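Number of protein chains: 2
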Amino acid sequence: MKTEVNRRKFIKTTTAAGVGLSLMGFPNLVTGKDDRKVRMALIGVGLRGRNHLHLLLQRSDTKVVAICDIDPEALAKARNMIKDAGKKAVKEFTGSETAYKKMLEEDNIDGVVISTPWLWHTRMAVDTMKAGKYAGVEVSAANTLEECWDLVNTHEATGMPVMILENVCYRRDVMAVLQMVRNGLFGELVHLECGYQHDLREVKFNNGKQPYGGGVEFGDKGYSEARWRTYHSIYRNGDIYPTHGAGPAAQFININRGNRFDYLTSTASKARGLHEYIVEKGGEDHPNADIKFKLGDVITTVIRTVNGETITVQHDTNLPRPYSLGFRVQGTKGIWMDLNDSIYIEGRSQPHRWEPDKAYMEEYDHPLWKKYETQAAGAGHGGMDFFVMNAFVESIKRQAPTPLDAYDAAAWSAITPLSEQSIAGGSEPVAFPDFTRGQWMKRKPVFALNDEY
Amino acid sequence: MKTEVNRRKFIKTTTAAGVGLSLMGFPNLVTGKDDRKVRMALIGVGLRGRNHLHLLLQRSDTKVVAICDIDPEALAKARNMIKDAGKKAVKEFTGSETAYKKMLEEDNIDGVVISTPWLWHTRMAVDTMKAGKYAGVEVSAANTLEECWDLVNTHEATGMPVMILENVCYRRDVMAVLQMVRNGLFGELVHLECGYQHDLREVKFNNGKQPYGGGVEFGDKGYSEARWRTYHSIYRNGDIYPTHGAGPAAQFININRGNRFDYLTSTASKARGLHEYIVEKGGEDHPNADIKFKLGDVITTVIRTVNGETITVQHDTNLPRPYSLGFRVQGTKGIWMDLNDSIYIEGRSQPHRWEPDKAYMEEYDHPLWKKYETQAAGAGHGGMDFFVMNAFVESIKRQAPTPLDAYDAAAWSAITPLSEQSIAGGSEPVAFPDFTRGQWMKRKPVFALNDEY
Chain A
1 MKTEVNRRKF
11 IKTTTAAGVG
21 LSLMGFPNLV
31 TGKDDRKVRM
41 ALIGVGLRGR
51 NHLHLLLQRS
61 DTKVVAICDI
71 DPEALAKARN
81 MIKDAGKKAV
91 KEFTGSETAY
101 KKMLEEDNID
111 GVVISTPWLW
121 HTRMAVDTMK
131 AGKYAGVEVS
141 AANTLEECWD
151 LVNTHEATGM
161 PVMILENVCY
171 RRDVMAVLQM
181 VRNGLFGELV
191 HLECGYQHDL
201 REVKFNNGKQ
211 PYGGGVEFGD
221 KGYSEARWRT
231 YHSIYRNGDI
241 YPTHGAGPAA
251 QFININRGNR
261 FDYLTSTASK
271 ARGLHEYIVE
281 KGGEDHPNAD
291 IKFKLGDVIT
301 TVIRTVNGET
311 ITVQHDTNLP
321 RPYSLGFRVQ
331 GTKGIWMDLN
341 DSIYIEGRSQ
351 PHRWEPDKAY
361 MEEYDHPLWK
371 KYETQAAGAG
381 HGGMDFFVMN
391 AFVESIKRQA
401 PTPLDAYDAA
411 AWSAITPLSE
421 QSIAGGSEPV
431 AFPDFTRGQW
441 MKRKPVFALN
451 DEY
Chain B
1 MKTEVNRRKF
11 IKTTTAAGVG
21 LSLMGFPNLV
31 TGKDDRKVRM
41 ALIGVGLRGR
51 NHLHLLLQRS
61 DTKVVAICDI
71 DPEALAKARN
81 MIKDAGKKAV
91 KEFTGSETAY
101 KKMLEEDNID
111 GVVISTPWLW
121 HTRMAVDTMK
131 AGKYAGVEVS
141 AANTLEECWD
151 LVNTHEATGM
161 PVMILENVCY
171 RRDVMAVLQM
181 VRNGLFGELV
191 HLECGYQHDL
201 REVKFNNGKQ
211 PYGGGVEFGD
221 KGYSEARWRT
231 YHSIYRNGDI
241 YPTHGAGPAA
251 QFININRGNR
261 FDYLTSTASK
271 ARGLHEYIVE
281 KGGEDHPNAD
291 IKFKLGDVIT
301 TVIRTVNGET
311 ITVQHDTNLP
321 RPYSLGFRVQ
331 GTKGIWMDLN
341 DSIYIEGRSQ
351 PHRWEPDKAY
361 MEEYDHPLWK
371 KYETQAAGAG
381 HGGMDFFVMN
391 AFVESIKRQA
401 PTPLDAYDAA
411 AWSAITPLSE
421 QSIAGGSEPV
431 AFPDFTRGQW
441 MKRKPVFALN
451 DEY
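In the order they appear, the protein sequences are chains A and B.
As numbered in my numbering, residues 1 to 453 make up the first sequence, in order.
As numbered in my numbering, residues 1 to 453 make up the second sequence, in order.
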C-alpha cells in the first residue's frame, strides 16, 4: 500500500507542478542564474561508462565527483581521463561488487550513471533511487519481470526518477521521423518495425586482450563485454536487447502515454552463428566449440498495442550482416524505412514510388538537433549519446522528471523476459503487465516536445 | 485407403521414372519429334486469364482449344484475342458458374488454366484433376484447410498433377538468389522474410467501369477484381494472399522436400486504410463508408519450420505504399534483401557494409532465365509469367509432375486459414498439417534444377 500511496503522491506532484518534483535538496536551476554544477557519479567506467564520462567532462554544467568500478584497469583509464581533462581527482570506489553502495552514501551526488553488465542494472538503479539520487541506467534496464517492477515500485516509493539511457531515441533521423509523426505526415500509425541487427560475434568473443575479436574467448578468459554479455547467448533464448528498437517505436505511438504494449509473440530461429564462428576462428577442438548456445540467431517478436498498432522487433546478433536497426514507420498516409533511407507520403511522393528521405529529414529536423548540432558532433554513436546524457543532466538541473522514465524502462525491458516466455511456450502470446497501473490512460507525451532537452 | 494406395502408386511411379507419369493418354514429347501441340483450356478469362491466354497464343507448342467464363464481356475479349492471333475460334463455355464442368468433359484437353475468383480455385482444380487433366491454378490455391486437403487428396487419388501458378518463384532476382542459396553463398539458411506489400485500394474499389480506381464501389457495383476480392477484406482477418512471398521462401529452404512448415503465429494491426479511402474518395455519406473491414491493414505472420528456420510473411494491401515483396534471405554466411537491392557475403563483401546485388544477380543468373530471356521479355510481371506457364506446359508435354505441386499449393495456401485462426485466438501458435503425410522426409527438391523448365 505504501507504494501505491507514494505513487499517487508522485504523480500528483509532477502533474500539478508541470516540472519539478520538489522532493530533493538540489537547488532549482531553471532560472539559469545558479552556477552550481550538477554533481555526477558513475558506476561502471568500462568502454561505455567512459564514453559517458567523456561527455560529462566536456560539459560546463556538470562536475564528476565519484567513479566506481571493480576493474582496476577501467578505473585507471577513467582516472587518467579526468586528469587529462584538467579536473581534480575524484573519489573512487572499488574492491567488491557492492562498492557502489558505499558511493551512494555520499551526499554530494545528484545523479548516477550506471554502465555495468546487464545483471547489475536494476539493482544499482534501485539502490540509487533509494539513496535519493537520480538514476541513469544503460539499456536494457531490467532482465526479469520482477526487476521491471522493482524499477517502477522503487520509483513510486522514493519519488526519485530513473531514466533509461536509450540513446537511439535521440538518433537524428529517428527524431525527425518523430516530428513527422507528430505533424501527421504518416496519418494514423498502424505498423512499426525495428530491431537490433548487429553482428556482435567479435564483441561476444575476443582474445582476452582487446575488446573486439582476435580470438574466441569469453567469460573469465575474455575482455570487456565478452566477460559477461556472452553468457546471455548461452543461457537465454529471447530478445535479450530490445530497447534500441522498442524505445523509439514507443515514442512514435506514445506507449505508457495514451497507449500501451498489450501482448507479444516471439519466435526464435535455430542457433548456428556463434558455434560456427568458434569453429572457424578457434578450430573444432577449441573447448568453446562444445558449447550449445541457446539464443536463436534471429529472434522475431511481434507486439500488439492496446490501440491496435503492431510492432515487429528483431534481435539478430550472431550472423554476418551489416548493422541496421531496421526501422519502419507506417500509417494511413505513408511509410518510412531506414534500410533504403526512403519515404512515401501519399499526395506528396510520386504514386507508388519511394523517394529519398533526405529532404524530409532536413525539413523535419528536430529542434533539439538544430540547437545542439555542434555540441553533439563529437559525441558517440553519431551524436545521439550527447542528447541522452544532456536530457539526464537537464532533468536533474530542473529537478524534473526524466523524459524517459521508470515506466518506459520497465515496458521496453520487459520484452526480454516476455519474449523468453513466449519462445519457451512455442511462441505462445504473452501479455505485458501494465506497469503504469492504468495511468497510461491519463499520462501525456513528454519526450522531446521542444528544444529544451 | 484408396487415396493412400493411389498416392503410393503415384510416388512410386514418379520416383522410379524420374520423369513421366505414364498414366495419361497424352503422347510423350520428350524426344521433341512429335509435333502435336499441348491442348489447353482456360477457366476464367478476365484480366489475369487473358494474360495467360496471351502467353499460350504466342507459344508454338500449345493450342488453345476451349475457354470458359461466366462474364460475356471477358469471353468476348478472349475470343477477339484468339481471332487477332490468327487462330481458329475455340469452344466457349458460359452461362452458369458450373459451365466449366461441361468443358472438363471434353476429351481434347490436356491442361486447364484456372484464373477465377479465389473461392473457385480449389473446386475447379479438383474437378480438373478428376477429369484426368493437368490443373494449373492461380494463387492462392485454397481458402480453407479442408480445401488444402482437397487438393492433396484429389491429386493422390487421381494421380493427376495440380500446379500452383506462383509466378514469383520465377522472378529473375529470386531465381538468382535460389542459385546463390544452392551454391552455399549464404551458408546454412536461418531466417527469411517476404510478403505481399501492395497498395490495392484501387483494385478493391473502382467505379464499376474500369479495373483500377475512379470510385469506391465493389461487389455487384464494382468491376474486375473489385467484384469479389474486396469481400475478403470485409469478412476475413488473416494473411489472405500469402503465396507470392511464401512460395519463393519455400523454395529457398526446401519446404515439403526435406523440410516443412511447423507452426505459425499471426498478428493483425488495426483496420483503417480501406475505410479512410472510401471516406476520402467517396465521402462520409457514401454507403460503403459504413462498412467495418475486418482485415487488419498489416498482418505479420511468423512461421517456424521443423528445420529451425524462421520466416516472416507480411500482408499489407490497404495503405498507401510502394510495392514490395520484402524479401530477405539470411544464413550463416550472408544476407540478401530486395528492398535495398543489397547483399552481404562474409569474406567477399567489405566488412559490415552492404554491397549492391547487381554483380551477384548477373553471376548467378538462373539457367532458365539465360535460356528464355528473349521469350520472357514480352510476358507479364517482368517476364516471370512466361516461366510459370512454360513450366506448366513443359510438364504436360513430358507427362511429368509439375515443379510446383499439390503439396506446395496446400502448404503455402494453408497460411491463410492458419493465420486467421491464430489471429482469432489472440496470435496463438497454430500447427501446420503435414500435407505430405511424412513424405517430406524423403522427397527431393525438383524446382528449377536446370534450364529445362
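It is worth saying that the hints were derived from the structure and are not from the lab.
Just so we're clear, the structure is a prediction, and the values are computed from it rather than from any experiment.
Misleading hints may appear alongside valid ones.
Since the list can't tell identical chains apart, any single copy or any two copies may satisfy a pair.
Unchecked claim - Lysine-lysine pairs mimicking BS3-like chemistry, simulated, CA-CA at most 30 angstroms apart:
#1 Lys292 x Lys333
#2 Lys370 x Lys101
#3 Lys292 x Lys88
#4 Lys442 x Lys101
#5 Lys87 x Lys358
#6 Lys281 x Lys444
#7 Lys444 x Lys370
#8 Lys101 x Lys281
#9 Lys130 x Lys292
#10 Lys333 x Lys294
#11 Lys294 x Lys91
#12 Lys101 x Lys87
- Task: Give me the numbers of the hints this structure contradicts, sorted from smallest to largest.
- Result: Of the numbered hints given earlier, those the structure breaks are 2, 3, 4, 5, 6, 8, 9, 11, listed in rising order.
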